[in-house]
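Asker: Chains A and B, in that order, give the protein sequences.
Note that the working numbering gives residue 22 to position 22 of the first sequence, counting from 1, and the numbers run on in steps of one.
Note that the working numbering gives residue 448 to position 448 of the second sequence, counting from 1, and the numbers run on in steps of one.
Any given hint might turn out to be false.
[What the hints assert, rightly or not] Only part of the chain B face toward chain A is listed, based on derived beta-carbon distances under 10 Å: (1) 113; (2) 294; (3) 296; (4) 511.
These aren't lab readings, by the way, just hints derived from the structure by calculation.
Positions of the beta carbon are idealized from the N, C-alpha and C atoms, including for glycine.
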Amino acid sequence: MVSTMQATISLLIVEKNGATRNRTIAMTSKSFADGLEKRIIKFLEPADVRGTAMLVVDNKNTADEIWIYLPALKKTRRIASSENAKSFMSSEFSNADMGSPALSDFKSQHTTGSGTNNTWIIESIPVSDDKADEYGYSRKISYVSMDTYQVKKMEFFNLDNDHFKTIEITKFHPMPEGKFMVSDMIASNTISGRRSEIHFNNIADRVKVEDSFFTVQSLAR
Amino acid sequence: MVKFIIRFRWIIISLSIVAGVSMGLLIPSSETDPEIRNVVPPDMKSRSETSKIESEFGVQDMVMLLFSDSVILTTENLQQIKEIDREISKLTGVTSRISPFTVRTIKSSEDMMTADPLIRRIPSDSAGIQKLKADILSNKFARDIVISSDMTTASITATIGDSERETVTLHRIDSILASSTGNVKVMKGGLPYIRQHIMKDVRHDGLLLVPLALLVMLLVLKITLGQWRSVIIPFSVVVLSTCISMGLIPLLGWKLSILSLLAPIILIAVANNYGIYLVSRYQEIKLQGNYSSGEGLLKEILGSLNMPILFSGLTTIAGILGLLTHSIIPAKQGGILAATGVSAALFMSLTYIPALIYLRTKSGNGVNPAKVRTEGFQKILNKLSGLIINHSGKVILVSALITLFISAGIAFIRIETNQENFFPKNSPVRIASDVINTKFGGSQTISVMISGDIKDPDVMKGIDRITDEIGNTGGVGQVFSISQAVREMSKAIYTPEEPEYDNIPASRESIAQMFELYNMSGNPEDFSQMMNLENTRAHILIRLSDPSKSVIGDVKTKIETLTAGFPGEVTVGGYAIIMADMADSLIKGQVLSLLFALITVLLLLTIIFRSFRGGLIGSIPLAASVFILFGFMGLTGIAIDSATALLSSVMVGVGVDFTIQYMWCFNIQIRKGLSYAESTRIAMATIGRSIIINAGSVMAGFLPLIFSGFMSIRFFGYLVIISIGSCLLGALILIPAILMKFKPRFIEKDLSISKTRKNEKDTSLINVGTAAFSRLSPAAGRRSDND
Numbered sequence: 001m002v003s004t005m006q007a008t009i010s011l012l013i014v015e016k017n018g019a020t021r022n023r024t025i026a027m028t029s030k031s032f033a034d035g036l037e038k039r040i041i042k043f044l045e046p047a048d049v050r051g052t053a054m055l056v057v058d059n060k061n062t063a064d065e066i067w068i069y070l071p072a073l074k075k076t077r078r079i080a081s082s083e084n085a086k087s088f089m090s091s092e093f094s095n096a097d098m099g100s101p102a103l104s105d106f107k108s109q110h111t112t113g114s115g116t117n118n119t120w121i122i123e124s125i126p127v128s129d130d131k132a133d134e135y136g137y138s139r140k141i142s143y144v145s146m147d148t149y150q151v152k153k154m155e156f157f158n159l160d161n162d163h164f165k166t167i168e169i170t171k172f173h174p175m176p177e178g179k180f181m182v183s184d185m186i187a188s189n190t191i192s193g194r195r196s197e198i199h200f201n202n203i204a205d206r207v208k209v210e211d212s213f214f215t216v217q218s219l220a221r
Numbered sequence: 001m002v003k004f005i006i007r008f009r010w011i012i013i014s015l016s017i018v019a020g021v022s023m024g025l026l027i028p029s030s031e032t033d034p035e036i037r038n039v040v041p042p043d044m045k046s047r048s049e050t051s052k053i054e055s056e057f058g059v060q061d062m063v064m065l066l067f068s069d070s071v072i073l074t075t076e077n078l079q080q081i082k083e084i085d086r087e088i089s090k091l092t093g094v095t096s097r098i099s100p101f102t103v104r105t106i107k108s109s110e111d112m113m114t115a116d117p118l119i120r121r122i123p124s125d126s127a128g129i130q131k132l133k134a135d136i137l138s139n140k141f142a143r144d145i146v147i148s149s150d151m152t153t154a155s156i157t158a159t160i161g162d163s164e165r166e167t168v169t170l171h172r173i174d175s176i177l178a179s180s181t182g183n184v185k186v187m188k189g190g191l192p193y194i195r196q197h198i199m200k201d202v203r204h205d206g207l208l209l210v211p212l213a214l215l216v217m218l219l220v221l222k223i224t225l226g227q228w229r230s231v232i233i234p235f236s237v238v239v240l241s242t243c244i245s246m247g248l249i250p251l252l253g254w255k256l257s258i259l260s261l262l263a264p265i266i267l268i269a270v271a272n273n274y275g276i277y278l279v280s281r282y283q284e285i286k287l288q289g290n291y292s293s294g295e296g297l298l299k300e301i302l303g304s305l306n307m308p309i310l311f312s313g314l315t316t317i318a319g320i321l322g323l324l325t326h327s328i329i330p331a332k333q334g335g336i337l338a339a340t341g342v343s344a345a346l347f348m349s350l351t352y353i354p355a356l357i358y359l360r361t362k363s364g365n366g367v368n369p370a371k372v373r374t375e376g377f378q379k380i381l382n383k384l385s386g387l388i389i390n391h392s393g394k395v396i397l398v399s400a401l402i403t404l405f406i407s408a409g410i411a412f413i414r415i416e417t418n419q420e421n422f423f424p425k426n427s428p429v430r431i432a433s434d435v436i437n438t439k440f441g442g443s444q445t446i447s448v449m450i451s452g453d454i455k456d457p458d459v460m461k462g463i464d465r466i467t468d469e470i471g472n473t474g475g476v477g478q479v480f481s482i483s484q485a486v487r488e489m490s491k492a493i494y495t496p497e498e499p500e501y502d503n504i505p506a507s508r509e510s511i512a513q514m515f516e517l518y519n520m521s522g523n524p525e526d527f528s529q530m531m532n533l534e535n536t537r538a539h540i541l542i543r544l545s546d547p548s549k550s551v552i553g554d555v556k557t558k559i560e561t562l563t564a565g566f567p568g569e570v571t572v573g574g575y576a577i578i579m580a581d582m583a584d585s586l587i588k589g590q591v592l593s594l595l596f597a598l599i600t601v602l603l604l605l606t607i608i609f610r611s612f613r614g615g616l617i618g619s620i621p622l623a624a625s626v627f628i629l630f631g632f633m634g635l636t637g638i639a640i641d642s643a644t645a646l647l648s649s650v651m652v653g654v655g656v657d658f659t660i661q662y663m664w665c666f667n668i669q670i671r672k673g674l675s676y677a678e679s680t681r682i683a684m685a686t687i688g689r690s691i692i693i694n695a696g697s698v699m700a701g702f703l704p705l706i707f708s709g710f711m712s713i714r715f716f717g718y719l720v721i722i723s724i725g726s727c728l729l730g731a732l733i734l735i736p737a738i739l740m741k742f743k744p745r746f747i748e749k750d751l752s753i754s755k756t757r758k759n760e761k762d763t764s765l766i767n768v769g770t771a772a773f774s775r776l777s778p779a780a781g782r783r784s785d786n787d
């Protein structure tokens, strides 16, 4: 795992009627022992939310922890870990889509057609109803390249088992040690007709960031 | 004229039948338009403003599904409602919905602001049910919105979009409800269902009322004319003119509405009159046998009846055309339909009926008119004329006092535009509407759209002020706005000790960041009905528990006051506002149409009697009847609505005939040198009786309206009977008394059209009346001829 990484992320939200909104955030992440990863996300645009900052503590086997600092309100609030299903910055991406879901939260298996066309098709089902509520879906189908082990596409099914969202990963950024990180993805909501695109720019790895940067207190700085 | 008719008789008959049948064939292609907002012109401000709001926030006409039980919060009931809610959520025609399973609870816990679903899991034990009950009562987005405070009723409110036809979506909702099993009683309400019922009831009324009115008229004609062969002549005019009139609806691209139903009924009631006169006169002449040929017979009939029929027809058309001054569209259309039908009936009566009569004369068919005992009738009329002759002053005084007394009811007259009240109290729509209005804040709405920077604290505070003030207005059930959500969020972020608690934040950034925080916990689309995603438009939705005109007026005034100098553009619309504008249009249209009809009739009467004074006196029964009609409506609580607003024009158009007939007949007697008393006695005995039967047949034609599925059409039926009755009494009591008392000079003038046709005219109008019913009253007919 890469120890530190910085990037500027632009988020484009396209409404059903074609209206668009742009958001820009700066993200800094650092990996710690035992698979722990922490991220600081600072909102740059639009102007009225500039300075808003989030700390995401991505635990390997336990629920994530998320804090948000709101500079105009001078308040720091925790986001419930049960709200992984909720929208990330009003986009079609959920909080869970921006992190790495705990593998233990799902039962995964190959599904029909897996292994053909150079693609593994993996079905992931939350282990319990509570987990389904938390993630906001009853089933996820992931299409993984058998050559590169990269996820190309994910289809999400709501609690009524209706397909409601597709995330397509359109670009990967090469990282040290032969790894890759997702740099461009598109989420399309098949029910609302909305679409969101996320692009990672100015990706820098192995930057020096102090551990104290990834604390709730540092959010207000 | 007679030569023309005889020469082209086959062409006249063929063209009349072809015109009627071909227009009649168009009728089945008519579409029904239940959309009440189409009643007002598209350029009316409330309608155009509503369209602006709907283009941003979608149509605000809500379907409300109500689920009631003695205790609604049971596991089984909630499971049933959840399944229905889930199925409805899958419908493409439903754009948004509010149900116990979509509502969220915004609250603060352990440094967190959460926006959790009110019901994440349906409770299965009593403790869970009790907690849910407490959650509902403390949640301002749930209490009396998705569950009633008395815990007996739950609701799903669905907004119907335009991606699918409304009827298809409603049909799908009905299928979902039909396939659902459980204990809850389901009711359906809201404007889309009201429209569905209107469509159903318009078809039902059309299939019931029109045939019923035709049947009644057939009976009236049979009683009046005796022979079926005689009946068929005026009856065919009724059918053909009705076909021509109703065929205009699809031909002109119009749609059937509740009011369209009135046009054929008006025609059925009125269009036979001219035919009755002609056929009766034909029967009378044929019975007397004093004609030389078919041509001579026609000359005899038309010579005596052409002008009075023309006058009667023109005054009726003039009265009905008063409806064109209405700004509400179906009133104008109804006026055009009825006027066209009456014109067709008038034209056919003067061409097609004589052509048929000529053919019948040629074929040598005999006459066997009905025979009815009339002595009792004559005694009553004799007593009435005696009373008028001896006590004309008192009769005028009593008539004036009665008119004044009933007119006092005008002070209590109401305007009704609430579509819910179209239905009887026991109809499913009305029952559901009552539950919605009493337990869920009402289904009829006013929308206020604010355009500007919604995150600007001044704008948000303005929205909050409107929300609070309007929410405290009597008759307002619920108000929804984005400011309520902001205040709820502030309660979850701040402690009660902090000044920001339950307040609108002071900076734009604070509001923006609150929304950002909410989006982390809730769903950005949770606010889609209150604010657009660009935060440039906000929507305040006001639901009315009492959608009366006065409440709508109060709310409208308050909005205008509260938004004066508002830091943003304000657009006010919604169904209720359109209805309020429609009420104003009804009043304006009522006054204008009445003025138009009365002035036109006054002018026509002035021309007919060649005296302005004559015109004024002739208008008295109509004016008195107008006062009596509105006074009666005020006293009995029958409101002016889109149907009853048409009544006065119809009344003026139909009722004026009685006065013309009486005054014309009286004039003939006076010019023969009889005294006023003798003239009164003879006019009463001859034309008086005919007028009564004529009025009776018109009332009979309107009688089937009391079986309509719509309350306002039923009221129209009752009121038309009262108003025609009032015109009848005015013509037979008030007018004779006025003539007797004041002896105006115009009534002694020669009213005939030309000296050369004097002899024909002398008997013209008296024959209109007596000829029509001469077989019912042989003595009366002969007396008038012999005079």
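Asker: Need the list of violated hint numbers for this structure, in ascending order.
Answerer: Of the numbered hints given earlier, those the structure breaks are 2 and 3, listed in rising order.
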